[in-house]
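Can you build the whole structure from these sequences, using the hints too?
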Amino acid sequence: MFENLQLADFGNRIPSLTFEVIADAVAPDVGAIARALAPDVVTGAGPEQAVAGYVAAGDTAAAALGTLSALGGAWLVPDGRAMRLADRLDADAALTLDEDATVVESRRPIETVPRTLALSYYDPARDYQLGVQQARRGGGGWRDEAVELPMVLNAVDARGAADAALRRAERGRITRQVTLDATAIGIAPGAAVRGEGTGLWRVTRASVEGHRVTLDLVPGAVAPVLMGAADAGRGTVAADIVVGATRLIAAELPALDDRLAGEPSLTVFAAGEAAGWRQATVLLSRDDGASWDVAGTTAAPAVMGTLTAALPRAPGTLEDRTGTIEVTLAHDAMQLEAITDRARDRGGNLALVGEELIQFGDAVQVTPRRWRLSRLWRARRGTVAAAHATDTRFVLIEREAMLVVPLAGAEPGATVRLLASGVGDVAGPVAAAATLTGVSVAPPSPVRLRGARRADGTVALSWTRRSRLGWYWRDGAEVPLGEESERYLVTIEDGGAVRTIATGTPDLIVAVGSAPVVVSVRQQGNVAASAAAMLTI
0 MFENLQLADF GNRIPSLTFE VIADAVAPDV GAIARALAPD VVTGAGPEQA VAGYVAAGDT
60 AAAALGTLSA LGGAWLVPDG RAMRLADRLD ADAALTLDED ATVVESRRPI ETVPRTLALS
120 YYDPARDYQL GVQQARRGGG GWRDEAVELP MVLNAVDARG AADAALRRAE RGRITRQVTL
180 DATAIGIAPG AAVRGEGTGL WRVTRASVEG HRVTLDLVPG AVAPVLMGAA DAGRGTVAAD
240 IVVGATRLIA AELPALDDRL AGEPSLTVFA AGEAAGWRQA TVLLSRDDGA SWDVAGTTAA
300 PAVMGTLTAA LPRAPGTLED RTGTIEVTLA HDAMQLEAIT DRARDRGGNL ALVGEELIQF
360 GDAVQVTPRR WRLSRLWRAR RGTVAAAHAT DTRFVLIERE AMLVVPLAGA EPGATVRLLA
420 SGVGDVAGPV AAAATLTGVS VAPPSPVRLR GARRADGTVA LSWTRRSRLG WYWRDGAEVP
480 LGEESERYLV TIEDGGAVRT IATGTPDLIV AVGSAPVVVS VRQQGNVAAS AAAMLTI
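Using numbering that gives the first Met the number 0, read the sequence shown as starting at 0 and increasing by one per residue.
No wet-lab data here; the hints were simulated from the structure. Since the structure is predicted, the reported quantities are computational estimates derived from the model, not experimental observations. Backbone N, C-alpha and C define an ideal beta-carbon position, used for all residues, glycine too. Only true hints are included.
Restraint-style ranges between C-beta atoms, simulated for each label pair:
id	residue 1	residue 2	range
1	I536	Y471	29 to 37 Å
2	D287	A49	58 to 66 Å
3	V478	G65	52 to 60 Å
Laid out in C-alpha coordinates, this is it:
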(Lines of atoms letter the chains of each structure in order from A and count residues from 1; the text may use other names and numbers.)
(Lines give C-alpha, C1' and ligand atoms only; values in the text may rest on other atoms or scores of the structure.)
Protein backbone atom coordinates (compact mmCIF):
# COMPACT_ATOMS: atom_id res chain seq x y z
CA MET A 1 0.00 0.00 0.00
CA PHE A 2 1.26 3.48 -0.88
CA GLU A 3 0.18 6.55 1.06
CA ASN A 4 0.60 10.18 -0.07
CA LEU A 5 2.28 9.14 -3.31
CA GLN A 6 3.15 12.29 -5.31
CA LEU A 7 1.58 11.88 -8.77
CA ALA A 8 2.36 15.27 -10.32
CA ASP A 9 5.59 13.98 -11.85
CA PHE A 10 3.68 11.12 -13.47
CA GLY A 11 0.97 13.07 -15.27
CA ASN A 12 -1.40 12.71 -12.28
CA ARG A 13 -1.72 9.00 -12.79
CA ILE A 14 -0.44 5.98 -10.93
CA PRO A 15 2.88 5.06 -12.60
CA SER A 16 3.92 1.60 -13.71
CA LEU A 17 5.73 -0.10 -10.83
CA THR A 18 7.97 -3.15 -11.11
CA PHE A 19 8.77 -5.40 -8.17
CA GLU A 20 10.95 -8.45 -7.64
CA VAL A 21 9.33 -11.07 -5.42
CA ILE A 22 11.54 -13.60 -3.63
CA ALA A 23 9.83 -16.96 -3.00
CA ASP A 24 10.00 -18.81 0.37
CA ALA A 25 12.61 -21.50 0.65
CA VAL A 26 9.97 -24.20 1.36
CA ALA A 27 7.99 -25.18 -1.73
CA PRO A 28 4.25 -25.30 -0.97
CA ASP A 29 1.97 -28.05 -2.17
CA VAL A 30 -1.26 -27.56 -4.11
CA GLY A 31 -3.43 -28.18 -1.08
CA ALA A 32 -1.62 -25.55 0.97
CA ILE A 33 -2.03 -22.96 -1.78
CA ALA A 34 -5.75 -23.74 -2.01
CA ARG A 35 -6.21 -23.28 1.73
CA ALA A 36 -4.27 -20.01 1.61
CA LEU A 37 -6.49 -18.69 -1.20
CA ALA A 38 -9.74 -19.57 0.60
CA PRO A 39 -8.98 -20.23 4.28
CA ASP A 40 -12.60 -20.13 5.38
CA VAL A 41 -13.82 -22.31 2.54
CA VAL A 42 -11.31 -25.06 1.84
CA THR A 43 -10.38 -27.70 4.42
CA GLY A 44 -8.44 -30.94 4.31
CA ALA A 45 -5.02 -31.82 3.04
CA GLY A 46 -5.76 -31.82 -0.66
CA PRO A 47 -3.23 -32.66 -3.38
CA GLU A 48 0.29 -32.97 -2.03
CA GLN A 49 2.02 -32.16 -5.34
CA ALA A 50 4.69 -29.54 -4.61
CA VAL A 51 5.08 -26.46 -6.77
CA ALA A 52 7.80 -23.83 -6.68
CA GLY A 53 5.42 -20.90 -6.78
CA TYR A 54 1.95 -19.69 -7.70
CA VAL A 55 1.02 -16.54 -9.63
CA ALA A 56 -2.29 -15.04 -8.51
CA ALA A 57 -3.05 -12.78 -11.48
CA GLY A 58 -6.32 -11.22 -10.43
CA ASP A 59 -8.29 -14.47 -10.42
CA THR A 60 -11.15 -14.96 -8.00
CA ALA A 61 -10.71 -17.65 -5.39
CA ALA A 62 -13.13 -19.88 -7.30
CA ALA A 63 -11.18 -19.53 -10.55
CA ALA A 64 -7.88 -20.13 -8.78
CA LEU A 65 -9.24 -23.24 -7.07
CA GLY A 66 -10.41 -24.54 -10.43
CA THR A 67 -6.88 -24.13 -11.79
CA LEU A 68 -5.37 -25.90 -8.80
CA SER A 69 -7.87 -28.72 -9.14
CA ALA A 70 -6.92 -29.13 -12.79
CA LEU A 71 -3.27 -29.49 -11.86
CA GLY A 72 -3.73 -32.04 -9.10
CA GLY A 73 -6.67 -33.94 -10.53
CA ALA A 74 -8.64 -32.87 -7.46
CA TRP A 75 -12.24 -32.00 -6.80
CA LEU A 76 -14.22 -30.08 -4.19
CA VAL A 77 -16.65 -31.97 -1.95
CA PRO A 78 -18.93 -30.72 0.84
CA ASP A 79 -17.39 -30.80 4.32
CA GLY A 80 -19.89 -29.35 6.76
CA ARG A 81 -20.15 -25.64 6.08
CA ALA A 82 -16.92 -25.64 4.08
CA MET A 83 -15.51 -27.52 1.09
CA ARG A 84 -12.78 -30.11 1.05
CA LEU A 85 -10.28 -30.32 -1.79
CA ALA A 86 -9.74 -34.03 -2.39
CA ASP A 87 -7.58 -35.91 -4.87
CA ARG A 88 -8.16 -39.53 -3.84
CA LEU A 89 -11.06 -41.85 -3.06
CA ASP A 90 -11.51 -43.69 0.20
CA ALA A 91 -11.48 -47.27 -1.07
CA ASP A 92 -12.21 -48.70 2.39
CA ALA A 93 -15.46 -46.74 2.63
CA ALA A 94 -16.55 -47.44 -0.95
CA LEU A 95 -20.13 -48.52 -1.60
CA THR A 96 -20.16 -51.88 -3.41
CA LEU A 97 -22.96 -52.18 -5.92
CA ASP A 98 -25.17 -55.25 -5.94
CA GLU A 99 -25.19 -57.38 -9.07
CA ASP A 100 -28.83 -56.42 -9.71
CA ALA A 101 -28.22 -52.66 -9.41
CA THR A 102 -29.49 -50.68 -12.40
CA VAL A 103 -26.46 -49.18 -14.13
CA VAL A 104 -26.59 -47.11 -17.32
CA GLU A 105 -23.23 -46.34 -18.93
CA SER A 106 -22.67 -43.47 -21.39
CA ARG A 107 -19.65 -42.97 -23.59
CA ARG A 108 -18.98 -39.68 -25.38
CA PRO A 109 -17.27 -39.79 -28.81
CA ILE A 110 -13.47 -39.85 -28.82
CA GLU A 111 -13.58 -36.56 -30.75
CA THR A 112 -14.57 -34.83 -27.48
CA VAL A 113 -11.17 -35.72 -25.98
CA PRO A 114 -8.15 -33.62 -26.98
CA ARG A 115 -5.64 -35.38 -29.22
CA THR A 116 -2.86 -33.25 -27.74
CA LEU A 117 -2.76 -31.16 -24.60
CA ALA A 118 -0.22 -28.33 -24.29
CA LEU A 119 0.35 -27.10 -20.75
CA SER A 120 2.06 -23.73 -20.22
CA TYR A 121 3.70 -22.84 -16.89
CA TYR A 122 6.48 -20.73 -15.39
CA ASP A 123 9.77 -22.59 -15.62
CA PRO A 124 12.61 -21.68 -13.22
CA ALA A 125 15.08 -23.24 -15.68
CA ARG A 126 14.03 -20.59 -18.21
CA ASP A 127 14.47 -17.62 -15.86
CA TYR A 128 10.76 -17.98 -14.96
CA GLN A 129 9.63 -17.42 -18.53
CA LEU A 130 6.73 -19.44 -19.89
CA GLY A 131 7.50 -23.06 -20.70
CA VAL A 132 5.26 -25.52 -22.56
CA GLN A 133 5.04 -29.30 -22.16
CA GLN A 134 2.84 -31.35 -24.45
CA ALA A 135 1.11 -34.70 -23.94
CA ARG A 136 -0.25 -36.70 -26.87
CA ARG A 137 -2.47 -39.78 -27.11
CA GLY A 138 -3.04 -42.28 -29.88
CA GLY A 139 -6.31 -43.11 -31.59
CA GLY A 140 -8.89 -40.94 -33.30
CA GLY A 141 -9.94 -37.35 -32.76
CA TRP A 142 -8.67 -34.04 -33.98
CA ARG A 143 -8.95 -31.46 -31.15
CA ASP A 144 -5.91 -29.80 -29.62
CA GLU A 145 -6.23 -28.09 -26.26
CA ALA A 146 -4.09 -25.60 -24.35
CA VAL A 147 -4.09 -25.19 -20.56
CA GLU A 148 -2.44 -22.24 -18.79
CA LEU A 149 -1.23 -22.91 -15.24
CA PRO A 150 -0.16 -19.81 -13.27
CA MET A 151 2.38 -21.89 -11.38
CA VAL A 152 6.10 -22.43 -11.16
CA LEU A 153 6.98 -26.03 -12.06
CA ASN A 154 9.97 -27.89 -13.35
CA ALA A 155 9.73 -29.47 -16.78
CA VAL A 156 9.32 -33.05 -15.49
CA ASP A 157 6.40 -32.15 -13.18
CA ALA A 158 4.76 -30.09 -15.91
CA ARG A 159 5.02 -32.96 -18.39
CA GLY A 160 3.55 -35.33 -15.80
CA ALA A 161 0.66 -32.93 -15.12
CA ALA A 162 -0.06 -32.63 -18.85
CA ASP A 163 -0.03 -36.40 -19.31
CA ALA A 164 -2.28 -36.98 -16.29
CA ALA A 165 -4.74 -34.30 -17.44
CA LEU A 166 -4.97 -35.89 -20.87
CA ARG A 167 -5.58 -39.36 -19.41
CA ARG A 168 -8.26 -37.95 -17.08
CA ALA A 169 -9.99 -36.39 -20.07
CA GLU A 170 -9.85 -39.71 -21.93
CA ARG A 171 -11.27 -41.66 -19.00
CA GLY A 172 -13.78 -38.94 -18.23
CA ARG A 173 -15.69 -39.48 -21.47
CA ILE A 174 -17.20 -42.57 -19.80
CA THR A 175 -19.88 -41.83 -17.20
CA ARG A 176 -22.35 -43.99 -15.31
CA GLN A 177 -25.70 -43.48 -13.67
CA VAL A 178 -26.86 -45.94 -11.05
CA THR A 179 -30.28 -46.13 -9.40
CA LEU A 180 -30.50 -47.50 -5.85
CA ASP A 181 -33.14 -47.77 -3.14
CA ALA A 182 -33.58 -45.39 -0.20
CA THR A 183 -30.80 -47.04 1.81
CA ALA A 184 -28.32 -45.05 -0.31
CA ILE A 185 -29.77 -41.69 0.73
CA GLY A 186 -26.62 -40.84 2.71
CA ILE A 187 -24.29 -41.08 -0.31
CA ALA A 188 -22.92 -37.61 -1.12
CA PRO A 189 -20.77 -36.20 -3.97
CA GLY A 190 -17.17 -37.24 -3.54
CA ALA A 191 -18.01 -40.70 -2.19
CA ALA A 192 -16.50 -43.83 -3.75
CA VAL A 193 -18.54 -46.52 -5.48
CA ARG A 194 -17.12 -49.90 -6.49
CA GLY A 195 -18.63 -51.73 -9.43
CA GLU A 196 -18.22 -55.40 -10.25
CA GLY A 197 -14.78 -55.67 -11.88
CA THR A 198 -14.69 -51.97 -12.88
CA GLY A 199 -12.72 -50.42 -10.06
CA LEU A 200 -13.65 -47.26 -8.16
CA TRP A 201 -16.01 -44.59 -9.36
CA ARG A 202 -16.62 -41.15 -7.87
CA VAL A 203 -20.07 -39.70 -7.17
CA THR A 204 -20.48 -36.26 -8.77
CA ARG A 205 -24.21 -35.82 -8.14
CA ALA A 206 -26.81 -37.49 -5.94
CA SER A 207 -30.54 -36.94 -6.36
CA VAL A 208 -33.53 -38.37 -4.53
CA GLU A 209 -36.92 -38.93 -6.09
CA GLY A 210 -39.52 -40.86 -4.13
CA HIS A 211 -37.85 -43.95 -2.73
CA ARG A 212 -35.07 -43.98 -5.31
CA VAL A 213 -31.59 -42.51 -5.16
CA THR A 214 -29.82 -41.73 -8.44
CA LEU A 215 -26.04 -41.35 -8.45
CA ASP A 216 -24.01 -39.84 -11.31
CA LEU A 217 -20.55 -41.41 -11.48
CA VAL A 218 -17.22 -40.67 -13.15
CA PRO A 219 -14.10 -42.89 -13.13
CA GLY A 220 -11.88 -42.67 -10.06
CA ALA A 221 -8.66 -40.70 -9.82
CA VAL A 222 -5.87 -41.31 -12.36
CA ALA A 223 -2.80 -42.77 -10.70
CA PRO A 224 0.40 -40.75 -11.05
CA VAL A 225 2.88 -41.77 -13.71
CA LEU A 226 6.64 -41.77 -13.35
CA MET A 227 7.93 -39.51 -16.07
CA GLY A 228 11.24 -39.65 -17.84
CA ALA A 229 13.32 -36.62 -18.71
CA ALA A 230 11.60 -33.52 -20.02
CA ASP A 231 13.43 -30.66 -21.68
CA ALA A 232 12.69 -27.17 -20.38
CA GLY A 233 14.14 -25.60 -23.52
CA ARG A 234 16.24 -22.48 -23.51
CA GLY A 235 15.00 -19.16 -22.16
CA THR A 236 15.04 -16.10 -24.36
CA VAL A 237 16.24 -13.12 -22.38
CA ALA A 238 15.28 -9.74 -23.78
CA ALA A 239 18.16 -7.59 -24.93
CA ASP A 240 18.94 -4.54 -22.82
CA ILE A 241 18.02 -1.89 -25.38
CA VAL A 242 17.36 1.83 -25.06
CA VAL A 243 13.68 2.77 -24.76
CA GLY A 244 13.82 6.45 -25.63
CA ALA A 245 11.40 9.27 -24.98
CA THR A 246 7.92 9.28 -26.48
CA ARG A 247 7.01 11.12 -29.66
CA LEU A 248 3.33 11.97 -29.96
CA ILE A 249 1.16 13.04 -32.91
CA ALA A 250 -2.58 13.74 -32.65
CA ALA A 251 -4.73 14.49 -35.69
CA GLU A 252 -8.36 14.53 -36.69
CA LEU A 253 -8.52 12.29 -39.76
CA PRO A 254 -11.26 11.75 -42.31
CA ALA A 255 -12.80 8.29 -42.44
CA LEU A 256 -10.32 5.76 -43.81
CA ASP A 257 -13.02 3.26 -44.80
CA ASP A 258 -16.62 3.33 -45.99
CA ARG A 259 -18.21 3.58 -42.55
CA LEU A 260 -19.96 6.77 -41.50
CA ALA A 261 -18.79 8.12 -38.16
CA GLY A 262 -21.51 9.52 -35.93
CA GLU A 263 -19.25 11.49 -33.60
CA PRO A 264 -15.93 13.31 -33.94
CA SER A 265 -12.75 11.47 -33.07
CA LEU A 266 -9.05 12.11 -32.66
CA THR A 267 -6.39 9.67 -33.85
CA VAL A 268 -3.26 9.37 -31.72
CA PHE A 269 0.07 8.05 -33.02
CA ALA A 270 3.07 7.47 -30.81
CA ALA A 271 6.58 6.09 -31.07
CA GLY A 272 9.89 6.43 -29.29
CA GLU A 273 13.22 7.97 -30.08
CA ALA A 274 14.79 4.50 -29.79
CA ALA A 275 13.79 1.02 -30.92
CA GLY A 276 13.07 -0.24 -27.39
CA TRP A 277 9.98 1.96 -26.99
CA ARG A 278 6.71 0.01 -26.78
CA GLN A 279 3.81 2.09 -25.49
CA ALA A 280 2.66 4.98 -23.33
CA THR A 281 -0.43 5.97 -21.38
CA VAL A 282 -2.37 8.88 -22.89
CA LEU A 283 -4.30 11.51 -20.92
CA LEU A 284 -6.73 13.88 -22.64
CA SER A 285 -8.14 17.28 -21.70
CA ARG A 286 -11.01 19.07 -23.42
CA ASP A 287 -11.00 22.08 -21.07
CA ASP A 288 -7.51 23.50 -21.66
CA GLY A 289 -5.87 21.36 -18.99
CA ALA A 290 -8.31 22.03 -16.14
CA SER A 291 -9.13 18.31 -15.96
CA TRP A 292 -7.66 15.18 -17.51
CA ASP A 293 -9.12 11.81 -18.44
CA VAL A 294 -7.32 8.61 -19.39
CA ALA A 295 -7.72 8.20 -23.15
CA GLY A 296 -6.11 4.75 -23.24
CA THR A 297 -2.79 3.17 -24.07
CA THR A 298 -1.05 3.90 -27.36
CA ALA A 299 -1.18 1.30 -30.09
CA ALA A 300 1.84 -0.27 -31.80
CA PRO A 301 4.75 2.13 -32.43
CA ALA A 302 4.07 4.29 -35.48
CA VAL A 303 6.58 5.14 -38.21
CA MET A 304 6.99 8.88 -37.87
CA GLY A 305 9.41 11.74 -38.41
CA THR A 306 9.69 15.22 -39.91
CA LEU A 307 10.35 16.65 -43.37
CA THR A 308 13.97 17.58 -43.96
CA ALA A 309 13.15 19.51 -47.15
CA ALA A 310 10.16 21.58 -48.23
CA LEU A 311 7.45 19.88 -50.32
CA PRO A 312 5.76 22.15 -52.91
CA ARG A 313 2.04 22.06 -53.52
CA ALA A 314 0.84 19.78 -56.34
CA PRO A 315 -2.64 18.93 -57.63
CA GLY A 316 -4.39 15.83 -56.39
CA THR A 317 -5.85 14.97 -59.79
CA LEU A 318 -2.64 13.48 -61.26
CA GLU A 319 0.29 11.55 -59.90
CA ASP A 320 3.02 13.93 -58.73
CA ARG A 321 6.13 12.57 -60.46
CA THR A 322 8.36 15.57 -59.81
CA GLY A 323 7.84 16.20 -56.11
CA THR A 324 9.57 14.09 -53.46
CA ILE A 325 9.15 13.79 -49.72
CA GLU A 326 12.44 13.99 -47.86
CA VAL A 327 11.79 12.67 -44.36
CA THR A 328 13.96 11.85 -41.35
CA LEU A 329 12.42 9.14 -39.15
CA ALA A 330 12.62 9.00 -35.37
CA HIS A 331 15.26 6.23 -35.21
CA ASP A 332 17.23 3.84 -37.41
CA ALA A 333 14.97 0.83 -36.90
CA MET A 334 11.98 2.50 -38.56
CA GLN A 335 11.49 1.36 -42.14
CA LEU A 336 9.49 2.37 -45.22
CA GLU A 337 9.03 0.38 -48.41
CA ALA A 338 8.07 0.74 -52.06
CA ILE A 339 4.78 -0.78 -53.22
CA THR A 340 3.02 -1.46 -56.53
CA ASP A 341 0.31 0.76 -57.95
CA ARG A 342 -2.19 -1.99 -57.20
CA ALA A 343 -1.21 -2.01 -53.53
CA ARG A 344 -1.37 1.78 -53.48
CA ASP A 345 -4.86 1.63 -55.01
CA ARG A 346 -5.89 -0.58 -52.08
CA GLY A 347 -4.78 2.17 -49.69
CA GLY A 348 -1.14 1.24 -49.02
CA ASN A 349 1.59 3.71 -48.05
CA LEU A 350 -0.83 6.36 -46.83
CA ALA A 351 0.90 9.05 -44.79
CA LEU A 352 -0.12 12.22 -43.00
CA VAL A 353 2.07 15.19 -43.94
CA GLY A 354 0.96 18.24 -42.00
CA GLU A 355 -2.82 18.03 -42.47
CA GLU A 356 -2.64 16.46 -45.96
CA LEU A 357 -2.97 12.73 -46.64
CA ILE A 358 -0.48 11.57 -49.28
CA GLN A 359 0.30 8.16 -50.74
CA PHE A 360 3.73 7.26 -52.10
CA GLY A 361 4.85 4.48 -54.40
CA ASP A 362 8.64 4.50 -54.08
CA ALA A 363 10.79 4.68 -50.95
CA VAL A 364 14.59 4.96 -51.06
CA GLN A 365 16.74 4.88 -47.93
CA VAL A 366 19.34 7.65 -48.18
CA THR A 367 20.87 7.29 -44.70
CA PRO A 368 19.86 5.02 -41.78
CA ARG A 369 17.15 7.48 -40.78
CA ARG A 370 16.55 9.54 -43.92
CA TRP A 371 14.24 8.44 -46.73
CA ARG A 372 13.21 9.85 -50.12
CA LEU A 373 9.61 9.13 -51.15
CA SER A 374 8.32 9.64 -54.68
CA ARG A 375 5.45 8.82 -57.11
CA LEU A 376 3.08 10.76 -54.91
CA TRP A 377 -0.70 10.77 -54.87
CA ARG A 378 -1.70 14.04 -53.22
CA ALA A 379 -4.82 15.28 -51.38
CA ARG A 380 -6.15 11.83 -50.53
CA ARG A 381 -9.48 11.23 -48.77
CA GLY A 382 -10.71 14.76 -49.41
CA THR A 383 -7.79 16.54 -47.75
CA VAL A 384 -6.32 19.67 -49.31
CA ALA A 385 -3.09 19.70 -51.32
CA ALA A 386 -0.71 22.18 -49.72
CA ALA A 387 2.92 23.27 -49.62
CA HIS A 388 4.77 21.88 -46.61
CA ALA A 389 7.80 23.46 -44.98
CA THR A 390 10.85 21.80 -43.45
CA ASP A 391 10.11 20.11 -40.07
CA THR A 392 6.49 19.42 -41.00
CA ARG A 393 5.24 16.28 -39.24
CA PHE A 394 5.13 12.94 -41.07
CA VAL A 395 3.47 9.72 -39.91
CA LEU A 396 2.66 6.51 -41.77
CA ILE A 397 -1.03 5.60 -41.39
CA GLU A 398 -1.30 1.97 -40.29
CA ARG A 399 -4.32 0.48 -38.50
CA GLU A 400 -2.26 -1.28 -35.85
CA ALA A 401 -0.52 1.99 -34.95
CA MET A 402 -3.69 4.05 -34.36
CA LEU A 403 -5.39 4.87 -31.08
CA VAL A 404 -8.77 6.36 -32.04
CA VAL A 405 -10.33 8.46 -29.25
CA PRO A 406 -14.05 9.33 -29.65
CA LEU A 407 -14.99 12.90 -28.72
CA ALA A 408 -18.76 12.93 -28.30
CA GLY A 409 -20.24 16.40 -28.51
CA ALA A 410 -17.03 18.10 -29.64
CA GLU A 411 -17.45 20.93 -32.14
CA PRO A 412 -15.13 22.32 -34.83
CA GLY A 413 -12.72 24.84 -33.38
CA ALA A 414 -12.33 23.03 -30.07
CA THR A 415 -8.77 22.30 -28.94
CA VAL A 416 -7.88 18.97 -27.39
CA ARG A 417 -4.71 18.61 -25.33
CA LEU A 418 -2.90 15.32 -24.70
CA LEU A 419 -0.16 14.02 -22.43
CA ALA A 420 1.68 10.75 -22.99
CA SER A 421 3.91 9.03 -20.48
CA GLY A 422 6.03 5.96 -21.17
CA VAL A 423 8.91 4.19 -19.46
CA GLY A 424 11.50 6.33 -21.23
CA ASP A 425 9.93 9.69 -20.42
CA VAL A 426 12.20 10.51 -17.50
CA ALA A 427 11.80 14.26 -18.11
CA GLY A 428 8.03 14.04 -17.67
CA PRO A 429 4.99 13.50 -19.91
CA VAL A 430 5.12 14.51 -23.58
CA ALA A 431 2.48 17.02 -24.70
CA ALA A 432 0.55 17.43 -27.96
CA ALA A 433 -2.54 19.34 -29.04
CA ALA A 434 -5.00 19.28 -31.93
CA THR A 435 -7.69 21.71 -33.04
CA LEU A 436 -10.78 19.99 -34.41
CA THR A 437 -12.02 20.88 -37.89
CA GLY A 438 -14.87 18.37 -38.11
CA VAL A 439 -13.15 16.42 -40.90
CA SER A 440 -13.74 13.13 -39.06
CA VAL A 441 -17.52 13.49 -39.45
CA ALA A 442 -17.99 16.04 -42.27
CA PRO A 443 -18.28 15.40 -46.00
CA PRO A 444 -15.41 16.66 -48.18
CA SER A 445 -15.79 20.14 -49.60
CA PRO A 446 -17.55 20.49 -52.97
CA VAL A 447 -15.38 20.73 -56.09
CA ARG A 448 -15.64 22.26 -59.57
CA LEU A 449 -17.38 25.37 -58.20
CA ARG A 450 -18.25 27.59 -61.17
CA GLY A 451 -20.13 30.83 -61.65
CA ALA A 452 -21.26 32.81 -64.70
CA ARG A 453 -22.71 36.31 -64.72
CA ARG A 454 -25.88 36.69 -66.77
CA ALA A 455 -27.36 39.67 -68.55
CA ASP A 456 -30.20 40.01 -66.04
CA GLY A 457 -27.78 40.79 -63.17
CA THR A 458 -27.72 37.32 -61.68
CA VAL A 459 -24.98 34.75 -61.26
CA ALA A 460 -25.52 31.08 -62.11
CA LEU A 461 -23.56 28.88 -59.71
CA SER A 462 -22.91 25.14 -59.97
CA TRP A 463 -20.65 22.64 -58.18
CA THR A 464 -20.05 18.93 -57.73
CA ARG A 465 -20.60 17.29 -54.38
CA ARG A 466 -18.32 14.71 -52.85
CA SER A 467 -19.06 11.96 -50.36
CA ARG A 468 -17.66 10.27 -47.28
CA LEU A 469 -18.48 6.96 -49.00
CA GLY A 470 -17.52 5.31 -52.27
CA TRP A 471 -13.81 6.21 -52.42
CA TYR A 472 -13.07 3.11 -54.49
CA TRP A 473 -15.01 4.27 -57.53
CA ARG A 474 -15.14 1.16 -59.73
CA ASP A 475 -18.59 1.03 -61.35
CA GLY A 476 -18.72 4.49 -62.98
CA ALA A 477 -21.95 5.34 -61.17
CA GLU A 478 -22.44 8.41 -59.01
CA VAL A 479 -20.98 8.01 -55.55
CA PRO A 480 -23.54 7.57 -52.74
CA LEU A 481 -24.66 10.68 -50.89
CA GLY A 482 -23.53 9.38 -47.52
CA GLU A 483 -25.77 11.83 -45.59
CA GLU A 484 -29.42 11.84 -44.59
CA SER A 485 -30.20 14.50 -47.19
CA GLU A 486 -28.43 16.70 -49.73
CA ARG A 487 -28.02 20.20 -48.28
CA TYR A 488 -25.70 23.12 -49.01
CA LEU A 489 -24.98 26.48 -47.40
CA VAL A 490 -23.99 29.13 -49.96
CA THR A 491 -22.48 32.36 -48.60
CA ILE A 492 -22.37 35.44 -50.86
CA GLU A 493 -20.13 38.44 -50.04
CA ASP A 494 -21.42 41.21 -52.30
CA GLY A 495 -20.18 44.78 -51.86
CA GLY A 496 -19.75 44.44 -48.09
CA ALA A 497 -23.07 42.65 -47.58
CA VAL A 498 -23.01 38.98 -46.56
CA ARG A 499 -25.92 36.59 -46.96
CA THR A 500 -26.26 32.80 -46.64
CA ILE A 501 -28.67 30.75 -48.72
CA ALA A 502 -29.63 27.12 -48.09
CA THR A 503 -30.31 24.87 -51.07
CA GLY A 504 -30.85 21.19 -51.67
CA THR A 505 -29.36 21.03 -55.17
CA PRO A 506 -25.77 21.59 -56.43
CA ASP A 507 -26.69 24.77 -58.29
CA LEU A 508 -28.10 28.21 -57.56
CA ILE A 509 -29.06 31.41 -59.36
CA VAL A 510 -28.67 34.55 -57.27
CA ALA A 511 -28.93 38.27 -57.95
CA VAL A 512 -25.70 40.21 -57.34
CA GLY A 513 -24.27 43.66 -57.87
CA SER A 514 -21.65 44.69 -60.39
CA ALA A 515 -18.69 44.56 -57.97
CA PRO A 516 -16.65 41.34 -57.57
CA VAL A 517 -18.53 38.70 -55.56
CA VAL A 518 -16.96 36.11 -53.26
CA VAL A 519 -18.86 32.81 -53.09
CA SER A 520 -18.30 29.96 -50.65
CA VAL A 521 -20.21 26.65 -50.69
CA ARG A 522 -20.32 24.11 -47.86
CA GLN A 523 -22.10 20.77 -47.89
CA GLN A 524 -24.05 20.14 -44.70
CA GLY A 525 -23.54 16.60 -43.36
CA ASN A 526 -25.39 14.67 -40.67
CA VAL A 527 -22.99 15.93 -37.98
CA ALA A 528 -20.94 18.79 -39.43
CA ALA A 529 -20.52 20.94 -42.51
CA SER A 530 -17.69 20.51 -44.97
CA ALA A 531 -14.87 22.91 -45.55
CA ALA A 532 -15.77 25.66 -48.01
CA ALA A 533 -15.21 25.69 -51.75
CA MET A 534 -14.35 29.29 -52.71
CA LEU A 535 -14.82 31.31 -55.88
CA THR A 536 -14.49 35.01 -56.78
CA ILE A 537 -16.59 36.27 -59.71
